[in-house]
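Asks: These are the residues of each chain, in order.
Number of protein chains: 4
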Amino acid sequence: MAKLHFYFSAMNAGKSSNLLQSSFNYQERGMETLLYLPECAVGDAPMIASRIGLQADALAISTTTNLFETTVHEQEHRFSRLGCLLIDEAQFLTEKQVKQLCRITDELNLPVLAYGIRTDFQGEPFEGSQFLLSWADHLIELKTICFCGKKATMNLRINESGQAVRSGDQVLIGKNDHYIALCRKHFFSTDRLPESVFLGIKKKGVCEAT
Amino acid sequence: MAKLHFYFSAMNAGKSSNLLQSSFNYQERGMETLLYLPECAVGDAPMIASRIGLQADALAISTTTNLFETTVHEQEHRFSRLGCLLIDEAQFLTEKQVKQLCRITDELNLPVLAYGIRTDFQGEPFEGSQFLLSWADHLIELKTICFCGKKATMNLRINESGQAVRSGDQVLIGKNDHYIALCRKHFFSTDRLPESVFLGIKKKGVCEAT
Amino acid sequence: MAKLHFYFSAMNAGKSSNLLQSSFNYQERGMETLLYLPECAVGDAPMIASRIGLQADALAISTTTNLFETTVHEQEHRFSRLGCLLIDEAQFLTEKQVKQLCRITDELNLPVLAYGIRTDFQGEPFEGSQFLLSWADHLIELKTICFCGKKATMNLRINESGQAVRSGDQVLIGKNDHYIALCRKHFFSTDRLPESVFLGIKKKGVCEAT
Amino acid sequence: MAKLHFYFSAMNAGKSSNLLQSSFNYQERGMETLLYLPECAVGDAPMIASRIGLQADALAISTTTNLFETTVHEQEHRFSRLGCLLIDEAQFLTEKQVKQLCRITDELNLPVLAYGIRTDFQGEPFEGSQFLLSWADHLIELKTICFCGKKATMNLRINESGQAVRSGDQVLIGKNDHYIALCRKHFFSTDRLPESVFLGIKKKGVCEAT
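Residue numbers (the numbering used here), protein chains in the order written: chain A, 1 to 210; chain B, 1 to 210; chain C, 1 to 210; chain D, 1 to 210.
Simulated from the structure, these hints should not be mistaken for laboratory data.
Just so you know, not all the hints are guaranteed correct.
[As the list claims (entries may be wrong)] Listed next, with one range per pair, are the computed distances between beta-carbon atoms:
| hint | chain 1 | residue 1 | chain 2 | residue 2 | range |
| --- | --- | --- | --- | --- | --- |
| 1 | C | M47 | A | F79 | 53 to 61 Å |
| 2 | B | M1 | C | R81 | 45 to 53 Å |
| 3 | D | C40 | A | E124 | 20 to 28 Å |
| 4 | C | N159 | B | C40 | 23 to 31 Å |
| 5 | B | G43 | A | E124 | 47 to 55 Å |
| 6 | D | R78 | C | N159 | 31 to 39 Å |
| 7 | A | Q170 | B | R81 | 30 to 38 Å |
| 8 | A | Q170 | D | K150 | 43 to 51 Å |
| 9 | C | N159 | D | E69 | 41 to 49 Å |
| 10 | B | A60 | D | E69 | 31 to 39 Å |
[Unchecked claim] The list that follows gives simulated cross-link-like pairs (lysine-lysine, BS3-like), each with its CA atoms no further than 27 Å apart:
| hint | chain 1 | residue 1 | chain 2 | residue 2 |
| --- | --- | --- | --- | --- |
| 11 | D | K3 | D | K185 |
| 12 | B | K185 | A | K99 |
| 13 | A | K143 | C | K151 |
| 14 | D | K3 | B | K185 |
| 15 | C | K185 | B | K96 |
Each residue gets a CB set at the ideal place from its N, CA and C atoms; glycine is no exception.
Could you put the whole structure together from the sequences, leaning on the hints where they help?
Replies: Below, the structure written as structure tokens:
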């Protein structure tokens, strides 16, 4: 009966806010929630925080954590009535871990809500997202917009000078503001990005070096 | 090109949070937003606030406000680059006002995001929602859950003693906590509601009189 | 566990094809299906037929048919393993009948798939659709297009001369070809309809009188 | 403005019917359509056919066909007003070809509707689907059901004796009936499949050898 949901979007769409709201909803109805955060996305402390100002403690997981066993253990030791498992930055999960989420859903009958972006700054799929997109029961897009007003689906990495970065490591976490969500057309033609985009980012304390 | 979106859900799903997040997203990308709130939903001040702790100023509108003319006026006098119109508690709009939202979308080419519940505490459609469901370009459900764990789609009104209210005025605003979101099955059989539901509500400062 | 689904679209999107495909899918998996068709949509025989060439027998229902009791009766007398109830032209149902569909879903635990258009040729909601939009567990849009290439959401009635009809009875059935699916913008400005639209219709044997 | 849509489902949900209906809708509104079919899915002739009895000619493409250039060429030489590109069995596309679909959408401003299954008989993603899931503008699920009545999301391969096949080549085309759509739970526990599932298949002329 329980389902595996994958909420996907471009960067800065409000995934963490949505996750925290869902967690809040479960708690309000008397059910407890368990939150996971991949350790490569953990900054100073394992905490899921949204740009808009919300936050909650999470359990840091590594790429070798067995999510099924961990969930069984947590469920037995910490919770009286666990209603839902929520995972932020789920693009960083491994194939094996997504399989474990399927088992949590099907065998423990526990709803799983995973949140993540589909592709990296080069447009390549993340491992976690690839398998969530393949196996999740429900795929739900959280919409956000490109500076042009169209829906954003891609994630551009920019350096401190506001220039598009086209090569480098896939993972460079904890610096959300170095990414811009763009529609596919603008993602592939960054030379046409208007100055206003970078001004908008500067206002938020990014690219101060420029 | 612009579209009229209707985000609907049961009570306490996180509609206002979602609205505020969308408004934030537009602003972050350098576009301004205009927020409307029906005056019957205005408490001490015209403000859209979410249970989870977010809020923003809104323009109070009455059932006689011409939303098209008001939007044209606001757009000309207040905004340099208006990117989106957002309306909370849109179930309280009139048929005429939903038509005006269609014109804002089609003639001003301004995206409109309306948020509301579909039905009242007796299960009857609200006027605003009825026409938004009929005319919106996109219907998007924001999911929340019944105490039983199933999706909630109905809104039960309860009195200070925690008893289901089955008759009375459709509009009784500013007291969110007197409503419980339920699945349709439990909505029609409130006698089976477990004590835990009311305990959960008491914790939040509702039903203190019990 | 069973759900009430409302598949809505503009005219000529392929609702009947989709219904017949779903019915076929259930049968292929060893489950039987029950098909209802409002009698005002019945032509020479109670049959659900798609423009693309598919068809199946259905049970004609009137506005006074009790769908709950009829379904219980049919289930007991005709089917060994009823898997699904499907209703075409569901916009013609009454409020009471949509409530009966809710009971069929919740009390008989039988999935219900209802198909219909949202609004009539004047843009006004149909009774059945209004309550299906308000109470269904899932709202799913079947997309079709306006002659301009945008999504069509409205239904224009045209007379034999290819002129838009703006007044008259809501129900005028059995003559599908007298309707054109349009986007909202073109629905409200039919004077701008290109000749090609009517040529397209003439080809199909409509408007021959022109 | 044009969008890349990916319609995904389990086997035997009605993808080809849906594709043919969409093509029909475009044609009915005076727009022509171009249909592609990967050659590994071509039987006696390049034709998209649905189990329910519909069919249409398609252009066979190989894994080395440049879809962008082919589409430009076809558009110039065959069509007066090309409204849409439709691709069946899109799971067989290569990463490069999905990129070409993005360019067709963005640069030619031509809507693309791709249809495919997400995973193979071992539950592994197909290359085409993986990149369509990652890059498409809209992901739309076409629902079908497991024999248990739950939504089917996985595809089991069975041999002539009706036994689950767990190893072998990913591609084994033209023999639709050797696959069963199952929910994830039953996919991973085929020993519990009821006899009725195989009977249902036998009726359709599959598994005659049993």
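Asks: Quick one: which hint numbers does this structure break? Sort them smallest to largest.
Replies: 4, 8, 10, 11, 12, 14
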